[in-house]
Structures are given as C-alpha cells and as structure tokens.
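K.L.:
Using the sequences and the hints given, assemble the complete structure.
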Amino acid sequence: MREYTLAAAAAVVAAVALELAVLRTGMFRARRYWAAMAVVMAFQLLVNGVLTCTPIVTYDPRRILGPRLACAPIEDLGFGFAMVTATLGLWRRAGRRG
Amino acid sequence: MLGARVYARPWRWLTACAPVLVVFTLWDYLAVRRGHWSYDPRHLSGVRLLGVLPLEELLFFLVVPTCAILTYEAVGRVLGRRRSHR
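Protein chains in written order, with this note's numbering: chain A, 1 to 98; chain B, 1 to 86.
Everything labelled a hint here was simulated from the structure, so no lab data went into it. Ideal Cβ placement from N, Cα and C applies to all residues, glycine included. Wrong hints could be hidden among the right ones.
[Unchecked claim] FRET-style restraints, in silico, Cβ to Cβ:
#, chain 1, residue 1, chain 2, residue 2, range
1, B, ARG83, A, LEU6, 38 to 48 Å
2, A, GLY26, B, PRO41, 42 to 52 Å
3, B, HIS43, A, PHE43, 15 to 25 Å
[Unchecked claim] These stretches of chain A come out as covered by chain B in the derived footprint (C-beta under 8 Å, 3 or more residues):
#, stretch
4, 17-24
5, 32-39
6, 51-63
P.N.:
Right, here's the structure in full:
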C-alpha cells in the first residue's frame with residue numbers, strides 16, 4: 001500500500017484543518033505566508049536533492065506514487081507543506097495577544 | 001540581518017516548534033519502522049533515539065520549523081518595508 005502517499009495527504013489536510021478550525025489566524029489570506037512558503041519550498045527542493053540524489057535517504061518505491069522532484073518523491077512536498085503550515089500557524093497564534 | 005527577532009521571543013518559538021517536533025518525530029519513527037524510508041548509515045553519526053530515529057532527523061525537525069519562522073518574519077519585514085516606501 002502507498003502508505004507514505006496517504007500519510008502525506010493526511011498531514012496536508014490536518015495542517016490546513018488546524019489553521020482553519022483551531023488556530024484561525026487568517027494565515028491563508030496573508031501574503032507573507034505564501035511568500036515564506038515559496039522560499040522554504042525552493043530550499044526544500046535543494047536540500048531534498050542533496051539528501052535523496054546522494055542518496056542519504058532512500059524511499060521504498062512501494063510506498064509512494066512514483067513521480068519525483070529533485071530525486072525525492074512528490075509526497076515530500078506534502079510533508080514539508082504540512083510542517084511549515086503547522087509551525088507558522090502556531091507561531092501566529094502564539095503571537096496574538098489575549 | 002533582516003531583524004526577524006525570533007530568538008528574542010523564546011517562549012513563542014517553543015510554543016510553535018515543540019508540537020511540530022513531537023508530531024513529526026512520531027511520524028518519522030513510525031515511517032522508519034514501517035519501512036517507508038531508510039537512511040544510509042555511512043552518512044549518519046550513528047546516534048539513534050529509541051534505537052530507530054537518527055539524531056540528525058530530530059535536529060532536522062527542530063531546524064526546519066525554526067528556519068520557516070525566520071523566513072516568515074524576514075519576509076514580513078521585507079514586504080512591510082516595501083509597503084512603507086510606497
């Protein structure tokens with residue numbers, strides 16, 4: 001079964017739900033969130049290339065869809081998106097007074 | 001350089017990073033155990049947490065969220081600065 005695909009998709013949904021239903025910081029309407037996400041994703045592709053072309057990290061082809069970006073499975077983008085979205089949502093929430 | 005001032009707010013930094021570190025460490029632990037991915041031991045320090053998770057992975061989960069926050073604050077500074085010039 002493509003478990004990493006499922007896990008990455010679930011993480012994206014969970015991170016978006018965390019912001020929309022729990023934290024409610026209005027982050028998805030903020031230009032700086034998307035700009036920061038673009039910067040982080042660009043560096044993620046660079047680092048993914050180093051880690052998976054080398055390869056330092058090896059993925060089980062039975063657990064992923066197949067398409068790859070900079071040697072890494074596309075699922076990694078979901079992993080990264082979820083991690084950054086959750087972090088920035090919590091950061092914004094923690095910065096809000098009251 | 002861009003005056004992100006993230007380290008000047010350690011409690012806020014911890015509030016944002018700690019839950020992410022815990023959840024993604026758990027994910028990584030399960031993924032390695034289930035064989036989703038594996039690490040070439042020649043490129044690792046050899047220190048493994050709970051006998052599974054490389055120390056490097058834990059540091060990754062601390063460094064990436066921190067860099068995301070630094071990027072976010074720096075981008076906010078740049079966007080704000082541009083707006084004030086208009």
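K.L.:
Confirm or reject each hint.
P.N.:
Consistency of the hints with the structure:
no., hint, result
1, B:ARG83 x A:LEU6: 38 to 48 Å, "holds, 41 Å"
2, A:GLY26 x B:PRO41: 42 to 52 Å, "holds, 45 Å"
3, B:HIS43 x A:PHE43: 15 to 25 Å, "holds, 20 Å"
4, 17-24, "violated (count 0)"
5, 32-39, "holds (count 5)"
6, 51-63, "holds (count 8)"
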